[in-house]
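Q: Protein chains in written order, with our numbering: chain A, 12 to 577; chain B, -18 to 288; chain C, 7 to 333; chain D, 488 to 808; chain E, 114 to 431.
There may be inaccurate statements among the hints.
The calculated DSS-like cross-link candidates involving lysine-lysine, where the alpha carbons are at most 27 angstroms apart (straight line), are [to be verified]:
id, chain 1, residue 1, chain 2, residue 2
1, A, K242, E, K159
2, B, K140, A, K410
3, A, K434, B, K44
Among the chain D residues that face chain B by a calculated CB cut under 10 angstroms, a handful are [what the hints assert, rightly or not]:
id, residue
4, L550
5, R551
6, Q583
7, L584
8, R596
9, R598
10, A606
11, L659
In case anyone wonders, no lab produced these hints; they're calculated from the structure. These numbers were taken from a predicted model, which means no experiment stands behind them. Ideal Cβ positions, reconstructed from N, Cα and C, are used throughout, including at glycine.
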Amino acid sequence: GGNNANTDGNDAAKGNTGTTNTSTAQSTATNAPGAEVVPAGALSEPFTATDLSKLPATAQKRNDTIIVGLTDPSGAFTPYFQQSGYDGNVSSLLYASLVTVDEKGVPTPELAESWDISEDGLTYTFHLRKDLKFSDGSPLTADDVAFTWTIQYDKAYDGGSQLPTLNVKGGKAYKEGTAQSIEGIKVIDPQTISATLEVPNATALVTLGSNVLSKAYYGKDYKFGHLEYIKKLHEHPLGDGPYKLEKFIPGQEVRFVANENYFKGKPKTEHFIYKTTEGDVWQFLETGEVDYASFSATEENIEKLKGLGFVNIIPYTPSTYGYMQVNLKHEQVKDKLVRQAIVYGLDRQSIYVDAAQGAGSVANIPASPISWAYTEEGINPYKYDPEKAKQLLDEAGWKAGANGIREKDGKPLSIHYLGSKSKNTDIFIAVAKENFAAIGIDFQPEVFADFNSLVSKVEGGDYDLVSFSTSMLTDPSEGFMQFFNGEIKDYDNPKFIELYNKALATTDIEQRKVVYKELYQLFNDELPIIFTNYKKTVYAYNGRIGNLTVSPYIGLAGSLPEWTLK
Amino acid sequence: MAVNSSLAPVRRAGAASGRSSLFRQSVRRLLHNKLAMSGFVVVLFMFALCFVGPLFSPYTDNKINMAMMNKAPGLKHWLGTDALGRDILTRVMQAGRISLTVGLASMVLSVFIGALLGAVAGYYRGVADQIIMRVADLLLTIPGLPLLFIFGALLSEWKIPTDYRMYIVMLMLSIVNWPGMARMVRGQMLSLREREFMQAAVVLGLRDRRKLFNHLLPNIIPLLIVMATLNIGGAILSESVLSFFGLGVMPPTPTWGNMIDAANNMIDFQQRPWLWIPPGLSIFATVIAINIFGDGLRDVLDPKQKR
Amino acid sequence: MNNLMRIDGLSTHFFTEDGEVKAVDDVSFRVREGETVCIVGESGCGKSVTAMSIMGLVESPGGKVTSGSIEFQGEDLLQLDKHTLRSMRGHELAMIFQEPMSSLNPVIKIGEQIMEPLRVHLKLNKKEARAKAIELISQVGISRPEQIADSYPHELSGGMLQRIMIAIAISCGPKLLIADEPTTALDVTIQAQILDMLRQFKADSGMSILLITHDLGVVAEMADYVIVMYSGKIVEEGEVVELFSNPKHPYTRGLLKSKPVINQRQEELYSIPGQVPNPLELAPSCYFHDRCEHCMPVCRSKQPVLQDVGNGQKVSCWLYEEALIHA
Amino acid sequence: MPETLLEVNHLKKYFPITKGLLNRTVGQVKAVDDISIRLQPGETFGLVGESGSGKSTVGRTILRLTEKTAGEVKFKGVDIHTLPPEELRGLRPKMQLIFQDPYSSLNPRVRVGDAIGEALLDHGLCSRSDVRDLVLETLESCGLSSYHIDRFPHEFSGGQRQRIGIARALILNPELIIADEPVSALDVSIQAQIINLFSKLQQSRGLTYLFISHDLSVVEHLCTTIGVMYLGSMVETASRDELFRHPLHPYTKALLSAVPIPIPKLKRERIVLKGDIPSPANPPSGCKFHTRCPFAEEVCRSQVPVFRDAGGGHFVACHLV
Amino acid sequence: MSTYLTKRLLYMIIILFGASLLIFCLYASTPGDFITGNIKLTAERKAELREIYGLNKPVLERYGLWMKNALHGDFGYSLAQQKPVLQLFNDYIWNSFLLAAVSTFLTWVIAVIIGVVSAYKQYSWFDTLVMVAIFAAMSLPSFFIGLFLIKILAVDLKWLPPGGIITTGSNATGWEYIKEVVRHMALPVIVMTLLGLGSLTRYFRSNMIDVLRQDYIRTARAKGLRERKVLFTHALRNALLPAITLVGFELPALFGGSLIIEKIFNWPGIGQLYMQSFGLRDYPLLMGFTMFIAILTVIGTLLSDLLYRIADPRVRLQ
Ligand SMILES: Nc1ncnc2c1ncn2[C@@H]1O[C@H](COP(=O)(O)OP(=O)(O)OP(=O)(O)O)[C@@H](O)[C@H]1O
Ligand SMILES: Nc1ncnc2c1ncn2[C@@H]1O[C@H](COP(=O)(O)OP(=O)(O)OP(=O)(O)O)[C@@H](O)[C@H]1O
Ligand SMILES: [Mg+2]
Ligand SMILES: [Mg+2]
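Take the sequences, apply the hints, and build the full model.
A: Put into structure tokens, the structure is as follows:
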């Protein structure tokens, strides 16, 4: 998981595996899917280029190369060892995984043609395809998988992989150096491998079924407790994905060339390039320097993109949601009624939909509308209602005091808000200040340009509300992650824990759906965090590209091998 | 020599009248300098606009009005509205209050500190010089970014109201940013020291304070005016940099810098020039007016200048 | 002797914030070939401006030659185009300035500064120019010429610098050398050396010298013909012997009397009372009237004109005009 | 005979010569090399010599504007160079300096009234309320008008500026005035005014002058005793009449003959010195003047002449006398 | 032997030691560390990682360790980039240097020319126009000028590429490569030059005005030299003298990178890397870079003092 300093919504291939944060700053939440009313002008259907002749000559000339913009990757292209999600974007093209997820987030086979999960939900057995090869032609076997899993339990492992948190049996012993290998990992034959956990975990399938590192290449120099040698291999990756690394020019571009040993066959376009871009990429799309870019789905952006004539546009909803973390230790927001009043009293429609020009919608549960677990059944939409908010505050004992600010026991109702510096935060503060004043709450905002400073402040506990947004969520359980990684410690509702574990204990989707609905209703009422918004994005790409789809979970990587240039 | 205090006021008055006629003469010369006067008038106008103008605006409450967002200039909103439907003209005027105050205050402060330390170093030489200049060297090597963030964290820790933080940060920045100014003043000081009139001051047995303030300082004032007026644009803009780091003013309070920053994307830049032209022009007009006025002021303060 | 230069009705004015300064006002004189003409007069009377007007170096904007003609070898310098005038400057017309210390470029070596006019006007190549420059340096009486050529101005004393200035001025063999107070900044022994040198060059090359000074001792030593200026006007002119033995204008007389002379010690020196009038507040009158012992009512209201009073001497004073009228 | 006002004994002032980036000291400029002067109250001592011969340095070292290298300077019996700074400051009003260039010695941004009066205030010699009157009085005694008081230096002519410089010194009621070429930057007619002012002030206030100049005609007019310097050393000292009538040193003779006399076509026996004044950093051996002396002999090149009394208080340093 | 240089060098080293300690403490006391921002991690994992990276040790101990390694030439690995710090410098700094060097050079040349001409024609329309343009450039934020030029020259007119350092995917070498880089450099260089031009032009103009009043200019004219020669040989040399001191101060700026320009033009420079590392609290890289700049700053200060002594013949002997 990379430390997150404002990654921007405009980045191309967001959907990499494993290496992004659960939470990113609110500022990234420009875009959100349209669960609510879709405002006029926003895109609900894909749009096809109207006039390919307008395509700039630069883009016209390229016949076997596709260029996509990406924030500067650092060159640490070894999966599990990356500090930045952008390196993950690169490695997602270089490495295939055992299991992938479809556009609904449901696990589907990839390198593993099938898998079994034991009755108790503790043992996962993967059956690999035959004749799998790394890009150098060497075979990929269960030993490589075992090595990949094992190395993540090394004492010196400093990556952000979730695998160690799965508690594979014997992992701890290995890490402490008391065991030579991990008891729970068993290579059954060159095509079959299993892992046994200590407690059931529904996310284990995808976590275990991630990229595979070649033991012959990455494990050659491996000694327990010493992983420095891997750093030297970061810029010379050996993978099994659709593309091979051709050249990495720091700060400029990452060049790929098709991998003829890819198990699904060599990709249709020979060359692919990630070009380093920062922030606004309009100029690069307009001049044909990149073939593909994402924009927040504002009416203007869509208008302008349509006006270009040479791009296809597809609407897209990231699998994230925005929320405000509440400091449950503080008297004034400890009370559920106050939190509900805050939600009623905040004109979220204005902030996240109107001011965002339709590039967002209001969130009420900890899941993205595209998740298989998403539901609106029994969910209170908390429509903007200042009267209701006032009533709730009265009920909670906060009575109107001097100069319009409510008081209880002589203490004024003052909310200390933290946000990351961004245009959206500016809008939020402007509106919130007005909204809160209307219902008698004193609003004290503070903004931070620096994510680290913000987090430090939050860790210090000196806040009432702080805006965050999650990073990409694959499994619905990840929507509650902040309650388990220590970020939110003060919400102890036994019912929540019970339901959460129940949902993880089974891998049956229908069963899980039912549990999650209940969880969502609980959260919607209790509001241990305050839900704010979903983002809405569009992808625009060179009209010559065919077969392009973008998965919310794995981004371009899924369809990239199929892309063609007309 | 006896002091005859009863006579003092009378003589004072005489002296003062001599002075004031001289002052009047300077003012007259200033009034004669058309260019400088036009600069002065523009500065005055900017001040009037920003401090008095909003009183006549119906939009001073800065109410958010989603129905009116991003409207082009028209009868109702002379300079159009922003992304939250707020009146740009009103916001430009309100922004000017902060931008002008901050710009002038930080300019004056940094020039003051720089001049003081530079003067002391250049005048006393020796140990004071060594210490000041070496501290300056040290300060030059310190990166600004962590300093800013540490300031920010401390201010947040100490619960300084957000409205005041910018001023404190500006103050601290001026305190940190003196080395450049100080070096320049010191250089000037070193050459002034060698001038014959300073030798004369030694022969007369004048006190250091008088040498410093009555003889040396007046001679570096032209330099200070030039430096100060050149800095004003940077000072106004630096506020927006502070805002960018979350150390400046809190929204929805506008400043010229953050109003221009709001147009930091291709679409606003291209399609909504009314978002950035008014604040941009305001800064431009202020900077150029203050510089022109500064030049004029320097000429007038220079007893020799005759053009 | 032929006229080398003839100045007629020259006026040079400065347009300042406070008004128009008539620095040189209707001045006419001539310089004959091989002659040394001295201009004397108090500081600020327009001596330098006259010289600058001849060189075409009056500061612009601000200063302007408003009328008159400067005929040099039959050509009016004021009518020449910039290029021709520039090619004459430093070549046929050369000038030495008052302040040797500040008149040489501090960051350029002496040798190069001497070489410049040689290269521009005589089209010498670098080597020839340097050889000539070194020759010139030794010609002006400085030993170690090669070493001096490679030094910077600050490394030389004032007297040496002034000699370098002379070397530059005579380098191209000028017809007219204008020396604007060449010795004022120097001490007496060096002054004697320099004046000696000027005399010698004049004798060698037959050039004419227009020497500007306020020191009557220098005038007596150098001049053939003397012009006395006061407040932008010529008040008296004449052959040097005549003028010194029989000064007519009260100002000239005052000047001669106020100079202390060795072995002629007086208890108190004569001094002309009062101040030079403010050039901005000149009314039509004799400009010297408020300092003059012989001031008459007419002096206050009308300006006298330069009149020939015999012996080749001309005076601008009502005393003599009256005399003439009455005579 | 009244007590000695100023006593300068074997004063030396060497300036280091540094070179290059490293500021190495490569030599010394012997600007003043063993000079002794004795001044009685009411006397005027004239110091003449070529440019660069160290006249100004003598003056400046006496006043401790630069630190001496060796020797002793006693003002009314007090050794100025060992006095702590604050005491020295207290003594300053009693000994004043008048500069050669009246313009550069006045701060262009200080009104002349302030320039003249400020030292009074700093020395507590006068109350703030009385300063203006005193300044006006002094201005008038120096021949300036009261309306000049609030003007800036650039608004004055050279002669007036020099008067301001004199007024600035006089207002402190000094006993000694060192005048460093006070008239050499001035016009002839103004020069006369200033010289007259000097003698008038001496008469009315009993001032003592150390008058530095290179113009012998001026010195002759003002001074009672005259010292001639060459290359940092004194070569001749005598009373005025003695020196002008019987100059002994060849350099003095050359100086005298170099002064231009305003009589045209006067045929004079002039000694024009050849060559340049040698560098004080590298003075000639023996008699420092031998390189330019028309009468130099072998002995001059090798032996330093002794500064001795040639009779009747006429001191000279020359082998040939 | 004079001690001037030795003394200065000694001071320099002391200052650098002081600076390194101060800077290290500054970074250490900036809120948050490399682990803090990664809020996906559990508290236990965070503790584990801090142990691995040694972030839990006291500041002074960490500083000592850093200093020891640094004195041995080891500036460590970047935590975020997983590369040796020195290699990262090598990857990015030359790009920044290229941009800065070219634009600094242009800035100086143009500022000198404009300064000379507008001093020569003081108060002419040219002078006024230049002054207005300079103030305009000074009163607009840099991103703004950047956007403006991208919009006009790259997007609308398509004369110049909008960003980057080479054409994406290009394999050009030799002369072709140079041409490509030059084309890509054009826009950022223009913007940087515009930004730097203002104060320098004003500076040269006022120096030049002073110099043009000097007597030796009059002498040069009296020699009959061409006006151009008078201006550019006689006047300019003197006007440039005081500016020589500025040269030393430019040194750190040449390698410091420019955050905003690099960001707008997608230039792979050190400025962006520094900013990014700062956000991440990538201490080894931050320390390495800051000390590098500090060293350059100190050298630059010394250099500017020395340069002045070399450049002005009058100063040398004193
Ligand atoms: N650039 C200028 N602007 C305005 N007035 C000027 C300028 N140059 C000269 N003057 C005026 O012209 C008059 C004559 O000056 P000029 O320099 O010719 O005097 P001068 O006789 O050479 O004096 P000095 O002996 O001091 O050199 C003076 O009153 C002076 O004020
Ligand atoms: N601060 C200094 N540093 C080095 N050398 C100096 C310094 N001041 C004076 N000198 C040298 O000392 C010598 C004597 O200088 P001084 O100014 O006393 O001469 P002077 O007789 O007053 O000459 P002038 O008539 O030109 O004023 C000169 O050679 C000069 O170069
Ligand atoms: Mg003159
Ligand atoms: Mg002297």
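Q: Out of the numbered hints, which ones does the structure contradict?
A: Those not satisfied: there are none.
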